[in-house]
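Engineer: Taking the hints into account, I'd like the entire structure generated from these sequences.
Spelled out, the chains give:
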Amino acid sequence: MHWNAKDSAIFQAQKEYIDTAIIPLTLIDGSSQGFLSAASAAEFTLSLSNMIENQFKGRIVLFPSFSYTKKQDKQTLLNDWSEEIKNAGFKHIFFITSDREWSTMEEEKSVIWIPSIPLESMDQKMKNSILEDQLRQLIPIFAKRWAI
Amino acid sequence: MSNNKVSRRQFLSYTLTGVGGFMAAGMLMPMVRFAIDPVLQKSEGGDFVLTEKKIADITEVPVRVDFTFEQVDAWYKSDVTNAAWVYKEGDEIIALSPVCKHLGCTVNWEGDPAHKNQFFCPCHAGRYEKNGANVPKTPPLGPLDQFEVRENEGFLEIGKAIPNTLV
Ligand code: FES
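Protein chains in written order, with UniProt numbering: chain W, 1 to 148; chain U, 1 to 167.
By construction, these hints were calculated from the structure, which means they are not laboratory data. The beta-carbon is built from N, C-alpha and C at its ideal position, and this holds for glycine as well.
Not the full set, but computed from the structure, chain U residues with beta-carbon under 10 Å of chain W:
(1) Asp66
(2) Asp79
(3) Val99
(4) Cys100
(5) His102
(6) Leu103
(7) Gly104
(8) Cys105
(9) Thr106
(10) Asn108
(11) Gly111
(12) Cys121
(13) Pro122
(14) Cys123
(15) His124
(16) Pro139
27 Å max Cα-Cα, derived BS3-like pairs, lysine-lysine:
(17) W/Lys91 / U/Lys137
(18) U/Lys160 / W/Lys6
(19) W/Lys144 / W/Lys86
(20) U/Lys130 / U/Lys54
(21) U/Lys77 / W/Lys127
Here are some, though not all, of the chain W residues that point toward chain U, as calculated from beta-carbon distances under 7 Å:
(22) Phe56
(23) Gly58
(24) Arg59
(25) Ala143
Structural biologist: Below, the structure is given as structure tokens:
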């Protein structure tokens with residue numbers, strides 16, 4: 001499901017089945033060395049998130065990506081998000097990101113850190129097969145969490 | 001003399017009709033557009049899409065075949081990649097839609113090691129037989145849709161989705 005009016009109505013009616021929120025985290029880096037790679041990482045994160053949405057349409061709601069800068073306190077961001085998402089009635093929440101700085105928070109089990117792959121130089125077919133590969137590795141992570 | 005003059009009443013009635021006319025047009029235009037649009041739209045669904053799958057390579061084990069077509073959605077044209085589970089049943093080629101009939105997740109062939117020979121939906125453990133029939137007591141309430149298929153110079157072409165004809 002996407003975060004839009006139509007899907008949200010379905011979510012509210014089917015909370016028993018749709019119980020997982022996905023939030024892509026994308027870094028905005030204004031420095032001249034970091035700008036391009038941050039953009040490329042964001043592109044990867046968003047493409048992968050869309051794949052995840054497509055695979056798990058009936059169980060997750062994909063939220064718009066959250067863009068932040070280096071200075072913002074990650075722990076606070078995570079806590080605020082989690083609180084609000086719980087409020088909405090979700091049982092599970094996953095943050096998807098390619099920014100290494102979140103990787104230390106993986107033990108919280110909510111952040112899935114996936115190293116970015118530069119998709120911009122690939123054609124559509126290549127892109128799809130790379131993303132599908134990544135997705136396949138994610139399925140067990142979701143399945144495991146859902147099994148609890 | 002006074003004949004040529006527009007009386008106050010006439011003036012009012014002209015202007016009001018004018019404004020009313022505009023308002024009516026404003027309301028009608030979108031309605032007309034709605035009414036006409038489906039007719040003007042090409043029927044995208046009816047066309048067959050060529051895949052890269054050789055007919056000769058299809059076996060009785062379902063494999064995933066991707067196919068891409070152009071979708072026109074309001075102003076946007078985009079390439080949409082869709083998939084089908086394709087296998088051979090005797091001489092017949094079957095293509096099933098991977099979209100779970102419960103809430104729309106993507107099902108996988110033998111996605112659950114505990115249930116061989118079935119499609120599995122990872123979202124709420126929905127299951128389907130090979131022919132797409134939903135397994136009772138799992139969440140889905142109907143069988144997987146089927147795709148029309150045909151052959152084109154040895155390659156598989158996939159058409160529009162139709163209700164399952166095998167169940
Ligand atoms: S979406 Fe497939 S079982 Fe619920």
